[in-house]
Amino acid sequence: MTLGLINANPIVHAKKERVARCEDPHCDDAVDPLDIYDFVRDIRDPEHPYSLEQLSVLSEESITVDDKLGRILITFTPTIQHCSMATVIGLCLRVKLQECFPPHYKVDIKVSPGSHADEEAVNKQLNDKERVAAALENPNLRQLVDECLYSNEL
Amino acid sequence: MDFDDEGSNFELKEIQTLSGHTDRVWSLAWNPATGTDDAQPVIASCSGDKTVRIWERSALTRSWDCKAVLEETHTRTVRSCTWSPSGKLLATASFDATTAIWENVGGDFQCVSTLEGHENEVKSVSWNASESLLATCSRDKTVWIWEVMPGNEFECASVLQGHTQDVKMIKWHPTMDILFSCSYDNTIKVWAEDDTGDWHCIQTIGESSNGHSSTVWAISFNAGGDKMVTCSDDLTLKVWEADIEGMRSGNNQVLWKHLSTLSGYHDRTIFSVHWSREGIIASGAADDAIRFFVESKDSVVDGPSYRLLLKKEKAHDMDVNVVQWSPGQENRVMASASDDGTIKIWELATSSN
Chain R
14 MTLGLINANP IVHAKKERVA RCEDPHCDDA VDPLDIYDFV RDIRDPEHPY SLEQLSVLSE
74 ESITVDDKLG RILITFTPTI QHCSMATVIG LCLRVKLQEC FPPHYKVDIK VSPGSHADEE
134 AVNKQLNDKE RVAAALENPN LRQLVDECLY SNEL
Chain Y
5 MDFDDEGSNF ELKEIQTLSG HTDRVWSLAW NPATGTDDAQ PVIASCSGDK TVRIWERSAL
65 TRSWDCKAVL EETHTRTVRS CTWSPSGKLL ATASFDATTA IWENVGGDFQ CVSTLEGHEN
125 EVKSVSWNAS ESLLATCSRD KTVWIWEVMP GNEFECASVL QGHTQDVKMI KWHPTMDILF
185 SCSYDNTIKV WAEDDTGDWH CIQTIGESSN GHSSTVWAIS FNAGGDKMVT CSDDLTLKVW
245 EADIEGMRSG NNQVLWKHLS TLSGYHDRTI FSVHWSREGI IASGAADDAI RFFVESKDSV
305 VDGPSYRLLL KKEKAHDMDV NVVQWSPGQE NRVMASASDD GTIKIWELAT SSN
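Which chain is which? The protein sequence lines are R and Y, in order. With the working numbering, letter number 96 in the first sequence gets 109, and the count goes up by one each step, no holes. With the working numbering, letter number 256 in the second sequence gets 260, and the count goes up by one each step, no holes.
It is possible that part of the hints are untrue.
In silico lysine-lysine, DSSO-like type, Cα no more than 27 Å apart, as pairs [as the list claims (entries may be wrong)]:
#, chain 1, residue 1, chain 2, residue 2
1, Y, K145, R, K137
2, R, K119, Y, K92
3, R, K142, Y, K315
4, R, K109, Y, K318
5, Y, K318, R, K81
Distance ranges between label pairs, derived from CB positions [to be verified]:
#, chain 1, residue 1, chain 2, residue 2, range
6, Y, L314, R, L86, 27 to 33 Å
7, Y, S136, R, Q156, 43 to 49 Å
8, Y, T354, R, R155, 44 to 50 Å
9, R, L154, Y, T354, 46 to 52 Å
10, R, A21, Y, E18, 53 to 59 Å
11, Y, H262, R, H26, 50 to 56 Å
In case anyone wonders, no lab produced these hints; they're calculated from the structure. Glycine residues also receive a C-beta, built at the ideal position from the N, C-alpha and C atoms.
Isolated chain Y, as found in the complex (with noise of 0.2 Å):
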């Protein structure tokens, strides 16, 4: 997909607010398994209310609905949420130190496990593709790797240490069992199995290695897998490629190397990237605003470069917390939280002269 077309304009357009948290909206996940011609686009998102709430969008009025509140189950905020990639279950992180796993019973949601162990605030949960696997990470500075058993029964597999701070989330690679984890620390670390089924740091990307001088706070992968988009409290984000083939033959001394900065966009956090599935990187930071970056076909001398296609000033309120891409039919859907307690589901559209 060429953006660089000269005679497109690119528009944020707002389709809905979606109200109903009492608090700030901490993160979002699009449920993916919906958003096909069978089954309306659902949304679960949590926040500082110790709810999550599930929204759906009604195919008759194409309107946005909350249909579930999911509350008296976490004690303190909840961080962030995920849906397992077949959309059966829904885990929830939370700052009570636990992660919570809910199942959709008949249209009621139920919460079929609760994962204790992190002695602190737990911060990100993410599957694995094949959903055998589940990662949580905490301010206790390590990232927990659980196996998915039968009958909603999940074991620890592994506790990984090496992160020196509060690990801020984590991120299985989108085809791989590799785990992806950034941290208040300003590292990247990744994390592969080896042939005796224990779990190592195979990688550290820091400053050294062209890495964040700041917080890390989200990562990103590409369609393709090949490359990877990570965001700071340094006010850039960072674009990383890796072999693939090699990562594929199963060899685990394949590292991700520095491919671009974006620097000079951003002057405050950036707490939240996503790749979109046609390649188009949207950031939400600090500033209330929303960014969407491409690749620019201009320069090929050192490697692809990144150009801003489009600046949504408040977009929000407060700080953005989140932006998230629908994974549904509709293209350049997107939705994001904030601060200010709402979420947003937007369009970017094009209108060419």
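In isolation and in its complexed conformation, chain R is listed as follows (with noise of 0.2 Å):
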């Protein structure tokens, strides 16, 4: 782990204004890309006291789903192309979304095309259950996915 912060200077946005949800019972049971942003989107990042929608590393259109097959689809953007917290960043979504949704969807993580350096190796490792699994059970690493998804600063 570097001491030094991968990136010290990301853009920061200001947070998308949130559209009151339908609170109807009649409503729709298919779950949609909005229902899952809105688990995500105030995750902290790893390195910095924003949240992953306010550094425009998740925005509603990085989810896609099927809701007949249960398959979910994520794309996130690191904010530079050599970021190491991506891996950290891949395994907060798969915790949180684990924690949300029902078993029975699939969910598959991905950095976004071309905006990372090691696209390929990443997308592997994000997707390979046996190493998320290992992963998790590293004490020091799963405290730090707690801090994002549990950080109260925002």
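Hints are included, so try docking the two chains, each in its own frame, into the full complex.
Take a look at the structure:
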């Protein structure tokens, strides 16, 4: 782990205004991208006291859902090409989604095309279930993930 | 056995669901010395809950019960388990970087040895046919070969380097002391001992030899030991064959050649594959389904091809991590385990029209 921040001067954006969600019980039960986005937009970046939304790492367009098949695809954009926090962000997304969605949803997490120098290698790691499980058993890594997910600083 | 009989419909009947693990079940193994007239079938399973469970079917009720929970030994996920060929010892591989050896002492399973050495998670463990050697593999990219000594002592005989990434599984050939490994580096490697007792990689099966294009998760041999099937994150199963007579005569130059690729049947990672003694290939995948393939007699033009015999959708509620045919007397009995925390016992049955 390097001591200095990977990206010391990230570009911070304003949070998108939240649209009031439908409270009507007859609302469509299907999961749509905004449902998922609401769960992940406030995840804190591992290095900066800002959310993934504020840093434009994630947007509503990052998410595609096939509700019938039960598949979710999230692509995220690390703030810089050589971001070594990419795998941590990917882990945070996976843990958050595991907590919020029924287990039968299959989730694929990738960096958006062209956004990272080791795109293929990062994507492979993020979608290897065994590697993810082992990483989350590492107490230091788990702590970092928990801080990103449960931080109350926003 | 001819599976092309048009009058036969196959179905996968669920016999029982075994619950108890409190996290995903990664793997299971049938005790090879059980499933006979004198010994009721026994299964060992291992889990993310850090325990190993021993299950036995009651002779009286024909129902499976959990006989033992092996806990407080591994400190992290137990990733795989395998019985020695005699059924007397159980080896368990863990993310805690150790491999534990257990012995059944009067109904009580005791850890009689702990193998240390790998730098990080141990993924798989395998006994050779004569029970003289044990092999383990790890995310540290190495494969270790251990000699089994008297008094449950294990001595490291060799540390095999060559894979460039995480080694997912190792498997000894069913009859010969030739070791096979498959990896996150997308290759399969074959290892054998030379005249001076040194172990070398005698073949690497990569993409250029019609190999897989992503992580290879598992290897399984047919009954004759002249064919093997591998499964991968690239969504295919690949069948390989070798000249068995050549191998038996000690020729280490014998190469495994690609025979067939089964593609278009799976749309998510295939974690497990197991070849039954009758020639039925079972696969377990991340789409929660179990599939069965057999050799098709239709085309013998470029060599045998394989066809889908049956697909069991929603075999489990989550990813299927392992499928294993029973070695016992009963035919076509199989066990599977899943991220949903359960183990299921199945029977592949026919209903002729």
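Worksheet item: Which of the listed hints are broken here?
Response: Result: hint 2 breaks, nothing else.
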